[in-house]
Amino acid sequence: MKKGRIVVRIEISTLLDGKGKLSHRKMDRLAMVLTNLQNSGKDLLLVSSGAIVLGTDKLNMKVDMTDLTGMMAAAAIGQAELITLYQKYFDQYNQKVAQVLLTTDIMDRPSRIANTQNTFDKLLEMGLIPVINENDAVSTSDIELDDNYPLAMNVATVAKADMILIKSDVNSNYIIQPRNNMGAILVHSEQELFNKLDEVCLYLKDEPKQEFVFPQSIGDLIFEN
Amino acid sequence: MERKDFKNIKRVVVKVGTSTLSYRNGRLNFQRMEKLAYTLSALRSKGYQVVLVSSGAIGVGAGRLGLVEKPSETSVKQALAALGQAQLMKIYQKMFEEYNQVVAQVLLTKDVMIIPQRHANAQNTLFRLLEMGIIPIINENDTISTDEIVFGDNDTLSAMVATLVEADMLILLSDIDGLYSADPKTDSSASIIRSVSGITPELEKLATGAGSSFGTGGMVTKISAAKITLAAGIDTIITNGDEPSVVFDVLDGKEVGTHFIAEKVAVKG
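For the record, the sequence lines run as chains A and B. First residue of the first sequence: -18, per the working numbering; consecutive thereafter. First residue of the second sequence: 95, per the working numbering; consecutive thereafter.
Simulated from the structure, these hints should not be mistaken for laboratory data. Be careful, since some hints might not be right.
[Said to hold, decoys possible] Which chain B residues stay away from chain A? Per the calculated CB distances, all over 12 Å, these:
(1) 98
(2) 119
(3) 186
(4) 275
(5) 292
(6) 294
(7) 295
[Stated by the list, open to error] Straight-line alpha carbon distances no greater than 25 Å define the calculated DMTMM-like cross-link-like pairs of lysine to aspartate or glutamate that follow:
(8) 39(A) <-> 128(B)
(9) 77(A) <-> 163(B)
(10) 188(B) <-> 72(A)
Where a beta carbon is used, it is the ideal one built from N, C-alpha and C, also for glycine.
Okay, chain A solo, but in the shape it has when bound (with noise of 0.2 Å):
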């Protein structure tokens, strides 16, 4: 059986229900496919974005990016919230996770790379999913905080993964080189996301089913919007 490391990074309001607040059938779902996943034996890492939104709404605050430290403030409370939320979601499918806070400055020494790698490594191996997120709390610049489209990428590459598989509701814009043949998939619905993952646990089974369409390199993903 091919062994396979997926990254998935989802946004936050994939999430939410219709009210804006965080939908318990979702996280229930979404805990479920991805232990399943990591139960059949792929090696998942779980990059997701929710700590502003969770805590500006535990605070009756607005998302407000204007206010760059009332959003950073936020971030640091509602990370906590979000960590809390998914170790209880996961726990239900007897799954433990474990809180990786990035920087982007991870990519830029080698030793930072490697000493990442190695805690990547290390969690897979001890059958842990790393749920991953910018440590907000700290970034240096604006960009790092609403969007971890790049952090996911990172992730990816520092973790050698073969596939990343992205939810997002915006289009994204960002310019992103193929790198090392890595898989992705882009999905646009919550629907999406799941039906794509049933497929990733078939796809990544000696038998592929014929009708998955697996884009070759990330490079397919920028000429797909």
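Following the hints, put chain B in place on chain A, whose structure we already have.
Structure of chain B alone, referenced to chain A:
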């Protein structure tokens, strides 16, 4: 005996080590953690601004995986920290919630003290959290710390945090009562030193000497922490955290633990 007037103290950093948070077998002491949550929440109600520097992530991670022995391999420790920090925050949130106190998690690497932009960001975030009445719970970001960005120990981390947030006082809760004139385990004449006006070479020698093994964190790191805070004009107390409400006594000016007396610094920050 009363200490100098602490009435003007407003911003306090409290540091707890693994020895305070857990039993000797490494399992968490929930009762003590609950008392800590109560004490710090009560300080907030009294009008203090409170920052908690907490160790314990690796131990909690090890406990969660049912490991009996503490690992020595770095990557295992970092992995356990990632697992345990999440769990530790979950527990803190639950305990502080009892007192309607919101907490935040801030994980730092040493580059916060080196890179000006990062220093400013971390400081702004922490100031805002304190203004909002939130208790930031700080730990080293063990998972990604490499040699060049490691604080090393949480005594040093807490001292740097105290300077970062421009605290009025740092309280180091430990499993020892304070700084002793000799190792109380081996020397019956050993007595506790109630106040220290400056870190002298003799004092450092005392910490590194025969007495250095008492207290799991060791006295050496506590003395270096005090060196950092005293240079910044921050009063520092080392005391026994077995009963976390000791923090009330400290702030009331009661003579508990060892007080490292800060000289008045003319201009702060």
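Hint check results:
With a least beta-carbon separation of about 33 Å from chain A, residue 98(B) lies farther than 12 Å from that chain, consistent with its non-interface assignment. Every Cβ of chain A is farther than 12 Å from the Cβ of residue 119(B); the closest lies at roughly 21 Å, confirming the non-interface assignment. Against chain A, the non-interface label of residue 186(B) is violated: not every CB pair exceeds 12 Å, the least being about 8 Å. Its beta-carbon lying about 41 Å from the closest one in chain A, residue 275(B) satisfies the requirement of being farther than 12 Å from that chain.
Distance check for residue 292(B) against chain A: the nearest CB is about 32 Å away, which clears 12 Å, and the non-interface claim stands. No beta-carbon of chain A is positioned within 12 Å of the beta-carbon of residue 294(B); the least distance is around 35 Å. Remark: the non-interface label on residue 295(B) is consistent with the geometry, its nearest Cβ contact in chain A lying 35 Å away (cut-off 12 Å). At most 25 Å may separate the alpha-carbon atoms for a hinted pair to count; residue 39(A) and residue 128(B) meet this at roughly 22 Å.
A threshold of 25 Å between alpha carbons decides the hint, and for residue 77(A) with residue 163(B) the separation of about 20 Å falls inside it, so the pair holds. The straight-line distance between the Cα atoms of residue 188(B) and residue 72(A) is roughly 17 Å, inside the 25 Å bound, and the hint therefore holds.
In the structure shown, a violation is registered for the earlier hint numbered 3 alone.
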